[in-house]
Amino acid sequence: MNVVNLLRIALRALRRNKMRAFLTMLGVIIGVSAVIAMVAIGQGSKQSIQDQLTSMGSNMITIRPSSRQTIGGGARLEASTLQTLTVKDAEAIASKAPHVSAVSPMVSTRGQVISGSYNWPTTIQGVSAGYLDIRDWELSDGIPFTDDHVRGAAKVCIVGQTIVDNVLPGQDPIGKTIRFNKVPFMIIGRLTQKGENAFGQDQDDIILAPYTTVQKRILAITHVQTIFASAVDQESSEVATEEITEILRANHKLQPNDENDFTVRTQAELISTVSSTSQMLTILLASIAGISLVVGGIGIMNIMYVSVTERTKEIGLRMSIGAKGRDILLQFLTEAILISVTGGIIGVVLGVTVSKLITVFFAWPTLVSEGSVVLAFVVCAITGIFFGYYPALKASRLDPIEALRYE
Amino acid sequence: MNKIVDIRDLRREFVMGDVVVKALNGISFSVEAGEFVTIMGSSGSGKTTLLNILGCLDKPTSGTYLLDGIEVGTLSRDELATLRNQKIGFVFQSYNLLPRTSALENVELPLMYNPSIGAKERHERAKQALEAVRLSDRIHHLPNQLSGGQQQRVAIARALVNNPVMILADEATGNLDTKTSYDIMSLMQELNHQGKTIVFVTHEPDIAAFSSRTITLRDGKIISDRQNTNVRSARDMLEALQEPK
Chain D
1 MNVVNLLRIA LRALRRNKMR AFLTMLGVII GVSAVIAMVA IGQGSKQSIQ DQLTSMGSNM
61 ITIRPSSRQT IGGGARLEAS TLQTLTVKDA EAIASKAPHV SAVSPMVSTR GQVISGSYNW
121 PTTIQGVSAG YLDIRDWELS DGIPFTDDHV RGAAKVCIVG QTIVDNVLPG QDPIGKTIRF
181 NKVPFMIIGR LTQKGENAFG QDQDDIILAP YTTVQKRILA ITHVQTIFAS AVDQESSEVA
241 TEEITEILRA NHKLQPNDEN DFTVRTQAEL ISTVSSTSQM LTILLASIAG ISLVVGGIGI
301 MNIMYVSVTE RTKEIGLRMS IGAKGRDILL QFLTEAILIS VTGGIIGVVL GVTVSKLITV
361 FFAWPTLVSE GSVVLAFVVC AITGIFFGYY PALKASRLDP IEALRYE
Chain V
408 MNKIVDIRDL RREFVMGDVV VKALNGISFS VEAGEFVTIM GSSGSGKTTL LNILGCLDKP
468 TSGTYLLDGI EVGTLSRDEL ATLRNQKIGF VFQSYNLLPR TSALENVELP LMYNPSIGAK
528 ERHERAKQAL EAVRLSDRIH HLPNQLSGGQ QQRVAIARAL VNNPVMILAD EATGNLDTKT
588 SYDIMSLMQE LNHQGKTIVF VTHEPDIAAF SSRTITLRDG KIISDRQNTN VRSARDMLEA
648 LQEPK
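Listed in order, the protein sequences are those of chains D and V.
All residue numbers for the first sequence refer to my numbering, where the first residue is 1 and numbers rise by one.
All residue numbers for the second sequence refer to my numbering, where the first residue is 408 and numbers rise by one.
It is possible that part of the hints are untrue.
As the list claims (entries may be wrong) - Dumping the calculated DSS-like pairs for lysine-lysine here, alpha-carbon to alpha-carbon at most 27 Å: (1) Lys-410/V x Lys-466/V; (2) Lys-394/D x Lys-466/V; (3) Lys-534/V x Lys-313/D; (4) Lys-313/D x Lys-466/V; (5) Lys-194/D x Lys-155/D; (6) Lys-313/D x Lys-394/D; (7) Lys-216/D x Lys-182/D; (8) Lys-410/V x Lys-586/V; (9) Lys-88/D x Lys-155/D.
By construction, these hints were calculated from the structure, which means they are not laboratory data.
Small disclaimer: the values here were computed from a predicted structure and weren't measured.
Given only the sequences and the hints, what does the whole structure look like? Please build it.
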């Protein structure tokens, strides 16, 4: 029998029982659309979690001096007082490490910031122009300082919201001058508010200035306390770490058996948390997907099975006018596949629509991935074949004489 | 003459536990092209078994059955299906039309299982078959919109559509009232006059009177096989039935 006739026979058979075909389909429709909507919600959440983590700087690599150096009786010194890292190190990393996208040296100190009659104890961080990129931190107002500002040790700064609230309440900070430890700084930018971090520290209580300015005018030092670098992406932070270690060892002229006089740390813990979270989300959603589709498939099997008994006489008739066992098998299988595939298509459309509606009405991020659509569709077609096969086989093995006489 | 059916010493035995039931116990007869044969017998005479074998739904235990020159006994299940599709037109007592399916689609059904016939030809032939049973004006009606007689005529159209060598009717008038069964028999006679070979299984002597030959079975054997010299016209009977009014 040719495919066109087969399809026509199956379609006509389904058309005779529209209601039943639709109800059978409903299981598949719900299954597939649930899978797509669930996965879309999961992917959307995963994406937004990842975005948030990236904004926390998940690519960030921190390089500090190591407490290898000791004084007197062997007591180790606090890392910030060590002077092994230099601006040259930062420049070497920036120019030689291919997996590093941005580098910023940092010097910081605490002090009192004064403006008019207000004053406030805070931290000033001396960084380079690339620092904001490394931290993925944006300005809400004004402009960032440039490499020229850094070269010229310009007395400009960017302030966090807490500074504005405490020393310039109710004023537009841009263009105002504040004094930090008696050094005047002109405010050229304001940072977007970040709020508290996971440990309750106010991330907005900060002043950023060119590191050269902080080195020369406040601390009077030439070394840097920390170097921040940013790996090109999350996956390459391992490689970037190795590259940085290599470069710094060469720069510091360390012998192969010398210990590092610095430490390189990545946000590995954060990254592994992200991947385990998304892993769990995926497993959860995959199991929901599995259950829904299996239930839909059993629905098909159930109906096809009942249908074979109910349509025994029809099967007998078809056989008596020349249908072979294979024709009957293919007819019932085709009916099952048509139900599951049609249900699958409707389910895909419904699932995508539901995902969009969730985003529109509940402001919940959703991301319909092509993979989930293709997977849901393929699984439901396979379900149709798998669950349709047994009833179809049963139908094809009927004895035409018995079937014709069946009441 | 061209023999459509040629049966020699046909036996069919069923094993029911320890007992062997001899449903057909050595039957021989042949049917020539253009004959209208009724097969009669009470229940248990073996006529249903014979019908199943004639219709290629069942195979004999021994003996030979040649249908249009083809030995049926040695064919596989699939080959039997092809034979049914191309050589036999079935008409059943309970019509066996597909519900919620138009008369046209019901008649098209046998051709659906014949891969050599395209959609257009199938459509044309189904229409012609419905014309032959005088139902041209009902081709899009569903079975539940048709009377019993009309449904049976759709079933006859379905039996005609594949140009079978033999129409095999099983108590085809059993569910119909006298008037409608005369109408159906008159259609059968008409088809027979056009050259169709018809084998009609029935237990009503009344119906047998319309055929040209009657074979009577009892206990799996033929007890009589005679030509009907006085064939009655179903059309005349039908008209006679309407006259007294």
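Hints, one by one, checked against the model:
1. Lys-410/V x Lys-466/V: This hinted pair holds, its Cα atoms lying about 19 Å apart.
2. Lys-394/D x Lys-466/V: The given pair, whose Cα atoms are some 22 Å apart, holds under the 27 Å limit.
3. Lys-534/V x Lys-313/D: 25 Å, holds
4. Lys-313/D x Lys-466/V: At roughly 21 Å apart (the allowed maximum being 27 Å), Lys-466/V and Lys-313/D satisfy the hint.
5. Lys-194/D x Lys-155/D: The given pair, whose Cα atoms are some 24 Å apart, holds under the 27 Å limit.
6. Lys-313/D x Lys-394/D: 14 Å, holds
7. Lys-216/D x Lys-182/D: Status holds; Cα separation ~14 Å.
8. Lys-410/V x Lys-586/V: Measuring from Cα to Cα gives roughly 33 Å; hence the hint is violated.
9. Lys-88/D x Lys-155/D: 22 Å, holds
The earlier numbered hint that this structure contradicts is number 8, and it is the only one.
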